Structure formats: structure tokens, C-alpha cells
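**Student:** One-letter residues, chain by chain:
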Amino acid sequence: MQLRDFRLAALVALILGSALLLRAPAPAGAAEPKVRVELLSEVASIAPGETFWVALRQEIAPGWHTYWMNPGDSGEPPRIEWALPSGFTAGDFVWPPPERIAVGPAMTYGYSQSVVLPLAVTAPRDLAPGSRIALRGQASWIVCEKICIPEEAPIALILPVANGTAQPDPRGAPLIAAARRSVPAPSPWPASFTASSDTVTLTVAAPGLAADRVAEVWFYPARWGAIEQAAPQRASIRPDGVTLTVARGPLSEAVAAPIDGVLVMAERLDGGVTRQAFTLRAEPRGPGGGAHALSLLRALALALAGGLVLNLMPCVLPVLSIKAFGLVHHASERPAVLRRHGLAYTVGVLASFAVVAGALIALRAGGEQIGWGFQLQSPVFVTLLAFVLFAVALSLSGVVVIGTRWSGTGQALAGRAGYAGSFFTGALATVAATPCTAPFMGVAIGYAVTQPWLAALLVFEALGLGLALPFLLLTLVPAWRRFLPIPGPWMTRVQQLLAFPLYASVAWLVWVVSQQAGPRGIAAALAGLVLIAFAAWLHGLVRDAPWLRRRVASVLALALVVVAVALGVLAGPGAAARTPASSSAKSEGWEPFSPQRLAELRAAGRPVFVNITAAWCLTCLVNERVALSTPAVEDAFTRKGVVMLKADWTRRDPIITQVLGSFGRNGVPLYLLYPAGGTTREPAVLPQILSERILIDATKEVL
Amino acid sequence: MIERALSRRTFLAGTGLAALGAPHILAAAPAWAATTAKVGTAAPAFTTGATTGKNVSLGDYKGQIVVLEWTNHDCPYVRKHYDTSNMQALQKEATGGGVIWLTLISSSPGTQGYVTPPQADELTATRQASPTAVLLDPTGVVGKMYGATNTPHMYIVDKTGMLVYAGAIDDRPTTRRSDVPGAQNYVREALQSVAAGQPVKTPVTRAYGCTVKYA
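Here the protein sequences come in this chain order: A and B. Our numbering applies: residue 47 is where the first sequence begins, and numbers increase by one. Our numbering applies: residue 28 is where the second sequence begins, and numbers increase by one.
No lab work stands behind these hints, which were simulated from the structure alone. Values in this document were obtained by computation on a predicted structure and should not be read as measured data. Built from N, CA and C at the ideal position, the CB exists for glycine as well. Please note: incorrect hints may appear among the correct ones.
As the list claims (entries may be wrong) - Using C-beta positions, here's what the derived DEER-type ranges look like:
| no. | chain 1 | residue 1 | chain 2 | residue 2 | range |
| --- | --- | --- | --- | --- | --- |
| 1 | A | 97 | B | 215 | 38 to 46 Å |
| 2 | A | 243 | B | 154 | 55 to 63 Å |
| 3 | B | 204 | A | 146 | 28 to 36 Å |
| 4 | B | 90 | A | 245 | 32 to 40 Å |
| 5 | A | 243 | B | 215 | 28 to 36 Å |
Make a model of the complete structure from these sequences and hints.
**Tutor:** Next up, the structure:
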């Protein structure tokens with residue numbers, strides 16, 4: 047009781063005191079200050095070691111205004127010079143969204159009438175309960191109407207140290223809470239910009255905004271220089287987001303770095319217009335974009351390296367082994383013939399990559415949000431891919447010998463059909479490569495899809511060239527063939543062994559189908575596999591039979607394959623629409639990702655790990671098994687309070703595609719570790735191939 | 028919003044015609060127009076009256092380095108630099124080295140900083156300033172051509188007539204006189220570079236100060 051009375055008395059004294067201070071004449075001869083200030087506190091007492099909010103409240107004379115953190119083309123933000131007791135620390139202001147105040151050719155950003163500017167103060171641990179603490183400082187600001195006046199005033203707050211938890215201040219707490227609620231929240235949408243010589247175009251990937259409901263959009267830059275602050279901002283609201291075009295600012299280097307600022311959007315609701323303010327960071331992209339943008343040359347180099355590594359991926363290696371063994375067998379063949387095979391294979395790879403690139407470019411031009419491996423979002427494609435890989439696996443197992451001529455197990459590598467065979471091996475290698483993402487590839491393709499079609503095509507072709515290169519070089523440079531092993535019975539065994547990664551790939555693809563198309567999809571895929579196995583057996587059975595029997599068996603086998611394909615095509619899409627979006631997103635410990643949830647958690651100061659994955663992404667699944675779900679990593683995450691969000695890209699999802707895009711990526715996996723404590727800190731982008739060590743080190747480093 | 032616009036507008040007009048209708052005020056709000064002055068391109072030509080009564084053109088100083096200083100003697104940011112003699116010292120240094128220094132006043136009649144030619148000359152004398160000439164731009168034509176938004180707002184034109192600097196006088200955007208010593212003076216640095224025939228290291232900065240009191 048007594049304490050409460052004392053507090054009340056302190057408060058009254060404080061209010062009277064600060065009122066008296068405010069009555070003191072401002073310097074520079076001004077008769078009456080244009081702004082009255084007061085230091086508010088959300089607490090009526092201080093708990094040792096706690097952080098609490100105080101605020102500078104400005105009551106501004108009618109017609110006058112003070113300034114935002116970026117005052118615009120003139121003016122100056124208010125500041126406080128603190129004289130705090132030892133051990134106390136004060137943070138920076140957090141800024142409610144400003145108003146626009148146009149003055150002739152200049153634009154300024156500021157506040158009129160009244161504003162509460164909160165800031166956090168942290169008390170030291172060693173405070174004696176019951177003692178009184180004086181938080182003092184000198185506030186200074188510039189206030190303008192037609193003319194500008196610099197003003198300053200001492201501010202002070204005297205608070206007792208609480209015995210237990212701090213009590214809220216009945217006057218300050220609601221004012222500060224209201225001000226903090228109005229402070230812009232981090233944008234839930236990724237943003238980027240392009241700059242031409244005259245304009246800056248800001249793109250905020252806010253899908254699904256209704257154009258007729260948006261009353262106003264304005265971007266307030268956090269710093270001067272990147273955009274012309276007084277220039278009109280031309281907004282267009284499209285289904286995939288908002289673009290703002292504005293005259294470029296005078297500071298040329300400002301568009302080489304990300305542009306920070308506050309986006310204010312006014313939305314017409316049933317009851318009137320509501321204003322929403324978001325902080326956002328727009329990353330430079332495309333022409334005029336600076337340091338962050340990848341050069342074409344670098345993208346090509348990365349693509350080439352990625353293509354080379356693709357050769358070693360479990361989905362590609364067995365397919366290539368067919369070709370490689372042919373080469374071992376025929377190392378003594380005429381160099382010209384081998385060379386032609388190498389070239390035919392390369393052309394096959396490049397042509398297939400051109401088809402993939404063409405499809406990707408065409409679909410993107412049509413406004414689709416897709417990326418590498420987009421084909422795998424279709425259960426039909428996944429089923430058919432499983433059939434193809436299964437057939438190749440059966441061939442390696444020796445159940446059937448498909449196209450003896452091109453696989454090169456028996457007859458000559460030479461011959462017209464042989465070159466066609468090499469061409470189609472190239473195509474097959476490309477098809478087999480689609481589920482795999484090699485290191486370096488993600489960055490290169492992420493770059494490619496944001497580029498004009500020619501650059502995009504070049505990047506894809508560089509990737510293809512990388513894939514084709516090892517085999518091509520072996521055929522082009524006879525000397526290197528000396529390193530090839532001596533042919534022998536061991537080759538059959540290795541081929542049979544290499545069938546198993548393919549069977550594993552098939553099993554995995556069927557599992558992907560189960561995610562996409564449910565039980566019906568699996569049934570169709572499995573039935574198709576049985577039919578293909580039967581067709582293969584039939585084909586092999588009659589290999590040495592007379593012509594007619596061979597012909598009948600071939601027709602029958604072909605019919606079986608057609609039935610299998612038909613099953614895959616018919617069962618896939620119908621079922622796809624009905625199954626729930628993502629079952630894998632609900633797995634243990636993971637929350638489903640949404641930009642809103644991420645923004646919420648970051649605003650709450652939580653560290654967040656974002657795992658952008660897809661059921662059809664092998665690398666993703668491996669990472670989850672060997673790294674993400676291990677006890678050591680789970681333990682590290684738990685200890686740091688990391689919230690784990692999983693974004694499932696198994697099916698096409700424009701929001702996730704945009705998140706990927708904002709990191710210059712166009713495919714999964716993408717792993718982001720957002721540090722705790724604030725929304726301004728950048729996330730760490732982890733490697734595409736994870737290990738326990740990488741995750742634990744990153745957790746230690748970042749958090 | 029309308030109230031504020033109204034009060035500013037009436038002050039700007041300096042007439043006190045409070046009866047002006049709000050819709051009219053909004054329609055009269057200044058439209059943004061791209062300025063023609065851009066660092067790295069030719070400084071736009073202008074002609075305006077000096078306090079001497081003669082007309083002065085930028086073209087009169089072809090082949091010479093020219094500093095343009097927008098000012099408003101009552102602006103606290105301008106006073107920071109004149110009360111500390113910072114601006115005068117820079118003027119003396121520049122003109123002593125053969126640089127042309129033109130002080131421009133774009134305040135419209137009835138607004139802060141507007142002066143008649145004799146008042147302007149008196150200010151020059153009492154403040155012991157040493158510009159080559161003080162130019163009066165009460166219509167704001169020259170100021171808007173250069174995109175001058177602040178007082179002080181500084182520009183440098185090199186001997187070839189190219190605009191090589193636009194922005195603040197220094198890196199301390201405050202009204203505190205104690206910030207003058209120790210500040211990085213962008214204009215002095217730029218003048219040294221131009222005199223040495225070198226490119227200006229910081230050619231564009233954010234000008235700080237009071238808004239120019241255009242009509």
C-alpha cells in the first residue's frame with residue numbers, strides 16, 4: 047500500500063517536474079517551444095536486469111512537424127543524449143510510420159500533432175530494491191512549419207527499483223504499447239528492385255492482393271539517395287504482387303546495395319481504410335543491380351561445375367555407366383567413330399537441356415512460378431520417370447538388353463543406329479538428372495530464370511555441357527582412354543551392382559507419387575512397373591527366337607508398356623487434386639512454413655530455421671536423414687530455442703517460389719538460419735549439402 | 028491533413044488569405060518535376076539579378092570553377108555555418124584561389140530569408156562574407172532548376188561547365204555549432220580535387236538544412 051502511494055507521489059512529482067521543465071524557455075530566443083516533450087515509461091518501477099520500454103513523447107504545435115528517422119530532403123530526426131546511471135543502456139528509437147510532408151520540390155517525412163517514439167532501456171542486475179533511479183537526458187529536435195526551429199529540453203524519469211517484478215505504469219504503458227503496435231512489422235513478402243538510368247522499380251512479392259481494395263501504396267526509404275523522395279510513385283497491383291516505379295535518386299551507389307524502407311499500404315475494408323506498414327529490404331536484381339547480382343560469366347562457370355558434379359549423382363551415374371562400359375569395350379575402335387559417338391551423346395544432352403530450358407522459359411513468360419525440377423511436381427512425369435529408370439535398371443540387371451547396338455555390350459559401336467543410340471543416351475542422362483541438384487547448380491539456375499531468354503538458355507546449356515563433358519573428353523582425347531580399365535567379366539558384375547541405385551531411385555519416385563497422388567497413384571505406378579518388368583522379360587526371352595515369334599513378343603511387350611504408361615497418365619492428375627498439400631510438412635518438430643509465421647517469430651525475437659524442401663528432392667531427403675533429424679542437431683536447436691519451419695515445395699507453390707527467388711534460388715533445397723533478436727539481421731544461407739557439423743557450427747556461429 | 032496544407036500554403040503565400048478553399052489548395056500542391064541539374068552532366072545555364080542590379084549568368088564565368096551556395100540567413104542550419112565563420116572561411120579560401128562563389132537566395136517575398144538587394148549587401152558586410160556575387164532568385168526558377176531543396180545547399184561547377192558536386196557542406200547534419208570543428212567538409216575536399224584536376228571523391232551527398240522557401 048505504502049509503496050503504491052509512494053509511486054503515485056513520484057509520478058505526480060514527475061509530471062509536475064517535467065511540465066515545469068517544459069515551461070523553461072527554449073534557446074535561440076524562441077518565445078514558446080513548438081514541441082513539448084515528455085519521457086514516458088511503460089513501467090512504474092524497474093526490475094534489476096530487465097529491459098523495459100520508455101518513450102519520448104512529442105506534442106507538436108498545430109501546423110508544425112518533427113521528423114522521422116529519414117527526414118527526407120531536409121530536416122533532422124530527434125535525438126536524446128543520455129546521462130544514464132552506470133550499468134544502464136538505452137537503445138535506438140523505434141519509429142512509427144511517418145506522414146509525407148511535401149514542401150515545394152522537396153519531400154520530407156515526419157510527424158504532426160503528437161508522436162510517441164519508444165526505445166528500450168536495459169537495467170543492470172545489481173540494483174538495490176527500493177532505491178530510486180533517475181534516467182536523465184537531453185532531447186533535441188528540429189521542428190518545422192514554414193520555417194525550422196531547433197529545440198531542446200532536458201528529460202528525466204525517476205523510478206524506484208522493484209522488489210520483484212516491475213509494475214506497469216498506468217499512463218505510460220498504454221501509450222507506449224500503442225506506439226509499438228504502430229511500428230512497422232517486417233514485411234512477410236520478399237522484395238527486390240531493378241534500377242534503370244532514370245527509375246527504380248521496386249517489386250514486393252505480395253501475392254493475392256486485391257487491386258481494387260488497395261487505396262494507396264507508398265514506399266518510405268530508410269535512407270536518402272536511392273530514390274527521388276519527392277517524385278510520384280507509380281504503383282501497380284498484380285496477382286503476384288505490387289510494383290512501384292519511382293524516379294531514381296541522385297546517389298548512384300545507393301542502387302548497388304539493398305534498399306531498406308517502410309512500405310505503407312492502405313487497404314479498403316468494409317469499415318473504411320486501414321493502413322498497414324511493413325519494413326522491407328529490397329535486394330538489387332537484374333540490370334543496374336550491383337554487388338549481389340551474379341555475372342553471366344560466373345553463372346556459366348557455376349553451371350558447368352554443377353553439370354560435371356551431376357555425373358556422380360546416384361540417379362545419373364548408372365545411366366552413364368552404360369555408355370562408359372561401351373567405351374571400355376571399344377577403346378580400340380577407330381578414333382573417328384568414338385569421336386562421333388561422343389559428339390552425338392553431347393548433342394543429345396544439349397538438345398534435351400534446350401528442351402527443358404525452353405519449357406521453363408516459356409512457362410515463366412506465361413507468369414508461372416516454377417523452377418528446376420518443376421517437372422517433378424507433376425505425378426505423371428514422376429511415374430513415367432520411374433518407368434524409364436526401372437527399364438534401364440532391368441537392363442543393367444541383365445533381364446533385358448535394350449538396344450544392344452547403343453549400349454555397346456555386344457555389337458559394334460559403329461553404325462547409324464549407334465549414333466542415334468548415343469544421342470538418346472544423352473537425352474536419358476538428362477532425364478535421369480532432373481531429380482538431382484548438384485552443388486553450384488542452384489545458384490546458377492536461380493540466376494538463369496531471372497535473365498532474358500538467351501542468357502537463361504546459355505546457363506542451361508553450360509550445365510548440359512558439364513554433364514556431357516567427361517564422356518566427350520574420353521572420346522575426343524584418345525590418350526586419356528589409356529586410363530580406362532581393362533574389360534573383363536567384372537564389368538557385368540559392376541553393371542548389375544549399378545542397377546541397385548536405380549531401383550532405389552525408382553522406389554523413391556514411387557514414394558514421391560504417393561505424396562502427390564495418394565494410394566491410387568501408387569497402385570498405378572506399381573502396376574505399371576510390373577507390366578514393364580513383364581514386357582522386359584518377354585523381350586529378353588525371345589531374343590534368339592525366330593523372326594515371327596520375336597515380332598509377336600515385341601508387339602506384346604510394347605502393348606504392355608503402353609498400358610503401363612496409360613495407367614501412369616490416367617491415375618496421376620485426377621488423384622493429385624484431392625490429396626492434402628503436404629504430409630511431410632507436418633512431421634515431428636517441424637511447423638509448416640508461411641511468410642507470416644516467419645515474420646511473427648522473428649518479430650518475437652526467436653531464432654528460426656527454415657527448411658525449403660520437396661518430397662521429390664533427393665538431396666533434401668538425405669539432408670533430413672543424415673543431418674537435420676539427428677539427435678545432436680535437434681539438441682543444438684532445442685538449446686538455442688530455434689523454431690523449425692518446413693516449406694514443402696512438392697507441389698507448386700508461388701509463395702515458396704518467391705522466397706526461393708529472393709535468395710537468388712530457383713530450386714530446393716534451401717536452408718536458412720535466422721538469428722534471434724530482431725528482424726533486421728540477415729539469415730545465414732547454409733550449404734545445399736548438410737552435415738551435422740555444418741548445422742551445429744552454424745547454430746553456434748549465428749546464434 | 029487539409030488543415031496543415033492550408034496553414035502552410037497561406038504562410039507560403041504570405042497573405043493570410045485563410046478563406047482559400049481546401050480543394051483549391053490541394054489542386055495547387057506543387058507537382059514534382061525532374062530537375063535538369065545532374066552531377067556528371069553540364070550545369071544548367073541561368074541568368075538572374077545580382078544585388079548590384081546587374082544580371083549575372085553562369086556563362087559569364089566560362090573556364091572558371093564556380094561554387095553555388097543556396098542560403099537563407101535566418102535558417103538555423105545556415106546560422107550554424109555563418110555564426111562560426113565556417114562559411115566565410117571557406118568563401119575566402121575559395122575566392123582567394125580564383126574560384127567564383129555565387130550565393131543564391133531563392134526565398135520568395137514574405138518568406139524567411141527573403142531580402143532586398145541592400146539588405147543582402149548589408150548581410151554580406153556584417154557577416155564579413157566574401158562571395159563573388161549574391162544573386163536573388165525570388166521566383167525560385169534557378170533553385171528549382173538545380174533541385175536545391177535546402178539551405179545551405181552547395182554545388183560546384185568545374186572549368187568545363189560540368190556539375191561536379193551537389194549536396195551538403197559537410198557530414199554533420201545538425202544545427203549544433205560544436206559540430207563544425209572536426210566535420211568532414213565535402214565542399215573543401217571537392218574544390219581541392221577539382222583544382223588538382225582529379226575526380227571528386229564524394230560527388231553527391233544528402234544536403235541538410237531548412238527547406239528552401241519557394242513561392
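**Student:** Does each hint hold? Answer for all of them.
**Tutor:** Taking the hints in turn, this is what the structure says about them:
no.: 1; hint: A:97 with B:215: 38 to 46 Å; result: 44 Å, holds
no.: 2; hint: A:243 with B:154: 55 to 63 Å; result: 41 Å, violated
no.: 3; hint: B:204 with A:146: 28 to 36 Å; result: 31 Å, holds
no.: 4; hint: B:90 with A:245: 32 to 40 Å; result: 35 Å, holds
no.: 5; hint: A:243 with B:215: 28 to 36 Å; result: 30 Å, holds
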